[in-house]
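Trainee: In the order they appear, the protein sequences are chains P and V.
Residue numbering for the first sequence follows the numbering used here, beginning at 3 and increasing consecutively.
Residue numbering for the second sequence follows the numbering used here, beginning at 183 and increasing consecutively.
One thing to keep in mind: the hints can contain errors.
[What the hints assert, rightly or not] Computed far set for chain P versus chain V, every beta-carbon distance over 10 Å:
id, residue
1, K31
2, L84
3, W95
4, L171
[Said to hold, decoys possible] Below are the DMTMM-like pairs computed for lysine to aspartate or glutamate, each with C-alpha atoms no more than 20 Å apart in a straight line:
id, chain 1, residue 1, chain 2, residue 2
5, V, K450, P, E209
6, P, K281, P, D87
7, P, K148, V, E226
8, P, K31, V, D361
9, P, K281, P, E67
10, P, K126, P, E67
These are calculated hints, taken from the structure and not from any lab test.
What you are looking at is a predicted structure, and each value in this text was computed from that prediction instead of being measured.
Each residue gets a CB set at the ideal place from its N, CA and C atoms; glycine is no exception.
Spelled out from the first residue to the last, the chains are:
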Amino acid sequence: MSNSPLSGAGMAQAVPARPAPRSFKRRSKRLKAALPYLLVAPAVIYLLMITLYPGVYAIIQSFHEVKFGPWKPVGFANYQKLFGDYQFWGALWNTLVMGSIALVLQCVIALALAFHAYRDPWVKGWRIIFLVPMLFMPSAVAFIFKLVFLDGRIFSDILIRIGLIDANLAIQSSTWMSRALLILADVWQWTPFLFIIFVAALQGQDEEVEEAARLDGASWPAIFFNISLPMMKPVIAVALILRAIDITTMFTNVFIVTKGGPAFGTETISYFIYRTGFKFFNFGYASAASVIMLILTIVIAQMVVKRAFVSARS
Amino acid sequence: MAAKRKKSRGENLVLRYLILCGWALFCVVPVLWFLSIGLRPRTEIITPTPIYFPTFSLDAWHMIWEDWPMGKYLRNSVAAIFGSVIIDLILAIPAAYSLSRFQYRGREDIGFYILSTRMMAPAIVAVPIFFLFRNLGLLDTIWALMLIYAAINLSFVTWIIRSYMLDIPKELEDAAKTDGAGELRILWEIIIPAILPGIITASVIAMIFAINEFLFTLLIASTPNAYTMSVALANFTGGSDGIIYNAIALVAFLAFLPVFVVVVAIQKHLSRGLTMGAVKG
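With the rest of the complex left out, here is chain V:
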């Protein structure tokens, strides 16, 4: 197929590669620059004229582990994110099953309600959520982060899983039904194994959004006790010394690498996941 497409005449290949390479450079150069920031001493970051060829230094690497409880931020992030994904799956799989395999009154409205929660700007609910967690005594804990990340991602996860469930041929289910299997056994033994890629895609996308979440984490985690990496970054300032860019850069890459690996692994499903199943990639 690729070979057939390559043959297409009358197309300006020079223009094509100029555009694609141009954008690729635009994507990658700031990232490489940031990496070079992470691997240089602090004295060479903010200077009267920028230093393009810095001396190599692992100062920042030692700093994030020794001067900051980076291990703790990392553990907080991982715990909050995995906890939230598990909550999401427990709630979303039955919901998606209900929305995709049953006919009943109000189904469309319920489905759209779930979808519409994705449209709430975090800032709109920030004030009440802050008071809610304060009254529950959950401020500054990773439990609160877990609950809020799960809430943010639930609509996404439900709709992605629902889209994969809609693809399963009805016959598969009917066969099991004539064998006398109940609805929940069908869900557990037939549907879930069949949509495993969808479940993984939904989990990965939920994970990315949870890592990225900033506003709620900023409000809920008011001390380093519950900081995640995303918010810890914003607090990497050494008082009068200003922002500690090399430490920030290294932490950014630390968070980037696992996400990058996982996303490349599910690349095929990514477009479908990102549109909540509206596009079948």
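Chain P extracted, bound-state conformation:
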């Protein structure tokens, strides 16, 4: 353990700029080859600690029954139970349904807004106004929607005043209305994310191509659909992937607004894991669900995400 102080890698790193004596030349060459690895290593090690460690931990835990006492090995029992658990499949289904509807709505709205805003003289102003919802804490947004639609009944009241309905909407007892509420909250808060990116992409495109098409008599919608949109494809892909990742982890709104109800109709996969693990303290079972999600994540990341980021850069 009592190495000479000079052998520490930190020491060697701290003085590379000074001309080294001849005897150190070879070592400094080796150091030079190792330098890029040394520079990236701390970040990678840190990330391995929060991904690899929990991953392995979850896999091991998923083969045990973990309640309060010691771990009891149960083989594949957790997985068997999971595959027969309608609540797990329901949570997957809800995540998929709410996520894809929200994502499509956000994308279409953001594209429409970006198309109208990017040539507008007040584009900076629109950007700032549209950004506002995104900058509220998600937990605050959840409360805004809970108040307007559920507790405060403001939405119902306005509809009654207009004369569209006669009595308060029973949103909480309807699965689809509850889902719509969560989708609406997500669209409200996160459409700006896509909007900001799309506007930047539209502003960054080659103006000469646009101008040439204009001179040929093409209309703005034609330019948008035939020139701008195809050019934006890689950007749209990256933006949608980032958004899709966040949507599938939807938790805050479920936790605050619906608690997964009615009858588990709005329970997402994140909420399912939270509920089995931290409310029913069935950690082994929650870990099994985590492992399944982890595998899905890795597969999707390898197939889709890598490609999207590579093509967006080129």
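Keeping the supplied structure of chain P fixed, place chain V upon it in accordance with the hints.
Mentor: Just chain V, lined up with the frame of chain P:
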């Protein structure tokens, strides 16, 4: 340029402003409504029919400072967030330097690994992370929050900084190299000053995500000891009195204002930051 674009014929300006103004209203009206909630007495929030013109009251303002340790939640948030951003920068700047300025085996894979950690749903790692922090004795401390926020944002921060580093012309570096400067001195004296906007953008975006973080904070901070504003909100319930909306609304605005100011200041870089450098705004 704007003038040239304004001239474009054949476009329906009425439709354009209808759409843009419509969405602007949709964005702003709920926010204003929430502000009015924060500035009214509790008795006028949940009523048989909503009250659209409430009496003005600062009840909630006094409540959050006097009945709750709001100052403490605020300090927790600020400490955890700034700590996490500093950890991120210390780890991300060398990593981004390595990924952008060197050619070596495995570089692409390492870069993609860092990126892919962004795709982990917090819920997937929530159970093991909870046990990890419990075994380390860090549950219910802002240290745990700091570490976890740093981990969540590290991929983002690294990729944003990397994207800015890729833009620096190689000649700048070569000139310094012929003067005999080492790699680390080049990083410190040339690269970092040149990509300062990128570093600031990455820090701001990391800050926003840290403020927003909910699930981990909920699990790690089990008592008001380590509550941040985001999770404190969810606990603003007065037992049988139900949710205390006016206090929630004021805290939400308290957290919103500084974020809004900072984001407006870096607006130009925002799109690039949000896509981890994939879009150059």
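Trainee: All hints are to be evaluated individually against the structure, with a verdict given for each.
Mentor: Results of checking the hints against the structure:
At the 10 Å boundary, the C-beta of K31 of chain P stays outside the reach of chain V, the nearest C-beta of that chain being 13 Å off. With a least beta-carbon separation of about 14 Å from chain V, L84 of chain P lies farther than 10 Å from that chain, consistent with its non-interface assignment. Non-interface call for W95 of chain P relative to chain V: holds, since the shortest CB-CB distance, roughly 16 Å, exceeds 10 Å. Even its closest Cβ contact with chain V, about 14 Å, leaves L171 of chain P beyond 10 Å, as expected for a residue assigned away from the interface.
Pair hint K450 of chain V plus E209 of chain P holds up; C-alpha atoms about 19 Å apart against a cutoff of 20 Å. Under the criterion of a C-alpha separation no larger than 20 Å, the hint pairing K281 of chain P with D87 of chain P is consistent with the structure, at around 17 Å. For the proposed pair K148 of chain P and E226 of chain V, the alpha carbon gap of about 16 Å is at most 20 Å, so the pair holds. With a C-alpha separation of about 19 Å, the suggested pair K31 of chain P and D361 of chain V falls inside the 20 Å cut-off, and the hint holds.
In summary, the hint linking K281 of chain P to E67 of chain P is supported, as the alpha carbons are separated by about 16 Å, within the 20 Å threshold. Between K126 of chain P and E67 of chain P the CA atoms are separated by roughly 56 Å; this puts the pair beyond 20 Å, and the hint is violated.
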